[in-house]
Amino acid sequence: MINYHPDQHLLSLHAKGELPLSMSIAISAHAEFCAHCQQQLDQMTLALSEQQFEQNQTIQPASIEQHGQLDDLLNQFLNNTLDSLDTEVKTKPQSSLVADNSVTIKGQQYMLPRVFKQQITSGWQGIGKVSRLRLDTGEPQARASLLHIAANGEIPDHTHKGSELTLLLAGEFSDCYNTYKPGDFMLLDQNHEHSPKTTEGCLCYTIVDAPLYFTKGISKLLNPIGDLLY
Amino acid sequence: MLHRDLLDMSEKMENIQSQSSQTRYDKGNLSLRSSNQRSGAMNSDEPNPLTDELAQLMMLVANNRCKTSFAKLFSHFAPKINSFGVQRLSQQGLAMDLVQETMSRVWTKAHLYNADKAAVSTWVFTIMRNQCFDMLRKVQHNREDAFGDDIWPLFESDDAENNDDDFLLSASLLQHVEELPPLQRQVVQGIYMQELTQQELADKLNIPIGTVKSRLRLGLEKLKSFMEKHYD
Ligand SMILES: [Zn+2]
Numbered sequence: 001m002i003n004y005h006p007d008q009h010l011l012s013l014h015a016k017g018e019l020p021l022s023m024s025i026a027i028s029a030h031a032e033f034c035a036h037c038q039q040q041l042d043q044m045t046l047a048l049s050e051q052q053f054e055q056n057q058t059i060q061p062a063s064i065e066q067h068g069q070l071d072d073l074l075n076q077f078l079n080n081t082l083d084s085l086d087t088e089v090k091t092k093p094q095s096s097l098v099a100d101n102s103v104t105i106k107g108q109q110y111m112l113p114r115v116f117k118q119q120i121t122s123g124w125q126g127i128g129k130v131s132r133l134r135l136d137t138g139e140p141q142a143r144a145s146l147l148h149i150a151a152n153g154e155i156p157d158h159t160h161k162g163s164e165l166t167l168l169l170a171g172e173f174s175d176c177y178n179t180y181k182p183g184d185f186m187l188l189d190q191n192h193e194h195s196p197k198t199t200e201g202c203l204c205y206t207i208v209d210a211p212l213y214f215t216k217g218i219s220k221l222l223n224p225i226g227d228l229l230y
Numbered sequence: 001m002l003h004r005d006l007l008d009m010s011e012k013m014e015n016i017q018s019q020s021s022q023t024r025y026d027k028g029n030l031s032l033r034s035s036n037q038r039s040g041a042m043n044s045d046e047p048n049p050l051t052d053e054l055a056q057l058m059m060l061v062a063n064n065r066c067k068t069s070f071a072k073l074f075s076h077f078a079p080k081i082n083s084f085g086v087q088r089l090s091q092q093g094l095a096m097d098l099v100q101e102t103m104s105r106v107w108t109k110a111h112l113y114n115a116d117k118a119a120v121s122t123w124v125f126t127i128m129r130n131q132c133f134d135m136l137r138k139v140q141h142n143r144e145d146a147f148g149d150d151i152w153p154l155f156e157s158d159d160a161e162n163n164d165d166d167f168l169l170s171a172s173l174l175q176h177v178e179e180l181p182p183l184q185r186q187v188v189q190g191i192y193m194q195e196l197t198q199q200e201l202a203d204k205l206n207i208p209i210g211t212v213k214s215r216l217r218l219g220l221e222k223l224k225s226f227m228e229k230h231y232d
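Read top to bottom, the protein sequences are chains A and B. Just so we're aligned, residue 1 is where the first sequence starts under full-length UniProt numbering, counting upward by one. Just so we're aligned, residue 1 is where the second sequence starts under full-length UniProt numbering, counting upward by one.
Derived by calculation from the structure, the hints in this document are not laboratory data. Yeah, the Cβ is synthetic: ideal placement off N, Cα and C, and Gly gets one too. Check the hints yourself; a few may be wrong.
Stated by the list, open to error - Covered stretches of chain B, going by a simulated chain A footprint (3 or more residues, C-beta under 8 Å):
1) 65-75
2) 80-86
3) 102-111
4) 130-143
Said to hold, decoys possible - A few chain A residues facing chain B, derived, Cβ under 7 Å:
5) S24
6) S49
7) Q52
8) Q69
9) L82
10) K117
What the hints assert, rightly or not - Computed list of lysine to aspartate or glutamate pairs in EDC-like fashion (alpha-carbon distance at most 16 Å, straight line):
11) B:K109 x A:D83
12) B:K204 x A:E88
13) A:K117 x B:D149
14) B:K138 x B:E101
Bound-form chain A, shown alone:
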C-alpha cells in the first residue's frame, strides 16, 4: 500500500506538461506504481483536452496573419507533407531493439518503471553502501539520480538548500518519520533533516537542491505572462 503521493497541484502541473523533466519522471514513475494517481492524471488530461479542443470560448481569435499561416500550412500538408511522411515511415531504417529497462548494482538487477527507458546513460559511482547514478536531465537547477543503498546502509544526517524528492523504487527504508514502500513519493523542504536507513537495501529516484524549481511550471520560468494564463 502506497502512503505518500504527489499533491493535486503537482499532478495538475504534470497533466499540463508544465513540470521540468526531472520532476515529470518522478510523477510518471509514481503513477506506474499508483493506479489512483494514474486515474486522477487521466481525468485531468481528459478535462484539459475538452477545455482546449471542444470549447470555443477559451480560444483567443487568431489574427489574420495566423489564419494565413495556417492556410499555408494545410496546403503544404495536402500537396506535399502527407505523402512524404508516408514515404518516410515506409523507408525508415529498422532501429535495433531498445536497450532493456533495468539497472544492475552490486550484483542485483532492478527493473525500472518505463519512464526511465532513455534516461540511464551513465554508470554507478560511490563508496561503501551508497551508490549513485546521475541522470543527465540538462537542468542546472536540479540534480536527478538513482540512489542505491545496500542492506543495513544509511545516509548520514543531511539538510538541503532546496527541496528533496525521493521516490522509492524497490526495497524499503525508514527515517525518523516513517517506513516507506516502493511507490512512496516524498517531497521534503529544506526544514527537514533526516537520515534514511535500510535493512534490506533499497533503490530510489531522487532530485535534490531545487529551490522553488519543482512547483513552478516551466512556462512561468520561461514566460512571465504565463502567470496570467494558467
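Mind docking chain B with the ligand on chain A? Use the hints.
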C-alpha cells in the same frame, strides 16, 4: 471565418482527389466547433456528435489515408493547437512548429488511435502536450531529446491498472526472461517491455507475424515453467 475558409479548401480537395465514397459523408452538416454548450467535462457517456464525428474522421485517415478527413481535422484542431502554442512557447514561429509537428503525428500515428480508449481530443491533446514538452526542452536547455512520449505514453490512457500489474510482474519475471533463448527473448522483450504490437515487432525484426506469435508462445511457455519451478 477561418473555419469557413478551411471548409472551402477541404471541399476543393474533395474535387481534386477521387476518394472513396465514405469521404463524402458529411459535407452538408459538419458540426465541428458547435459543441461548446456541452459543459460537464466528465460526462463522456452522453453521445456527443463532435466526439463521434472526430472519431469517424480519424478512422478515415487511419484506414483510407483520406486527406479530406485530415483537412477537416486540421481545420478543427490547428487554430486551437496554435493558441496553446502561443501561450506555452511565447513565440509565434514556434507555435506554428507545434501545429506542424502535432498534425504530422496525427497523420503518421493515426493507425494507433483507439476510439475505445480515448476521445480524439484527448489523444491529440496528449500528442500536442508531449511535443510541446520536447520543444520547450530545446528552447530552455538546448536539448534535442524526445522524452515526452516516455513520460506520457500515448496509447494506453485508460488501463493504468493493467500497466501497474505488468510493471510489477515484469520486475519478478525479468531474470527469467534473461534465461530464454535469444530469439524468444527478443520477442518477449519487444512485446512486454517495449510494448510493441506483434505487427510492429514483425516489421522491426523483418520476420512474418506468424513467427512472432510462435516465438512468443514458446517463450511464454518456458517462462511459465520457470515460474512454476520457482514458486512450487
Ligand atoms: Zn499516488
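Cross-check of the supplied hints:
1. 65-75: holds (count 6)
2. 80-86: holds (count 5)
3. 102-111: holds (count 4)
4. 130-143: holds (count 10)
5. S24: holds, 5 Å
6. S49: It holds, given that the least Cβ distance between A:S49 and chain B is near 3 Å, below 7 Å.
7. Q52: Holds: closest Cβ of chain B sits about 6 Å from A:Q52, inside 7 Å.
8. Q69: The hint holds - A:Q69 has a Cβ within 7 Å of chain B, the shortest such distance being about 6 Å.
9. L82: holds, 6 Å
10. K117: holds, 5 Å
11. B:K109 x A:D83: holds, 14 Å
12. B:K204 x A:E88: holds, 15 Å
13. A:K117 x B:D149: The given pair, whose Cα atoms are some 11 Å apart, holds under the 16 Å limit.
14. B:K138 x B:E101: With Cα atoms ~14 Å apart, B:K138 and B:E101 stay inside 16 Å; holds.
Consistency with the previously given hints is maintained throughout, with no hint failing.
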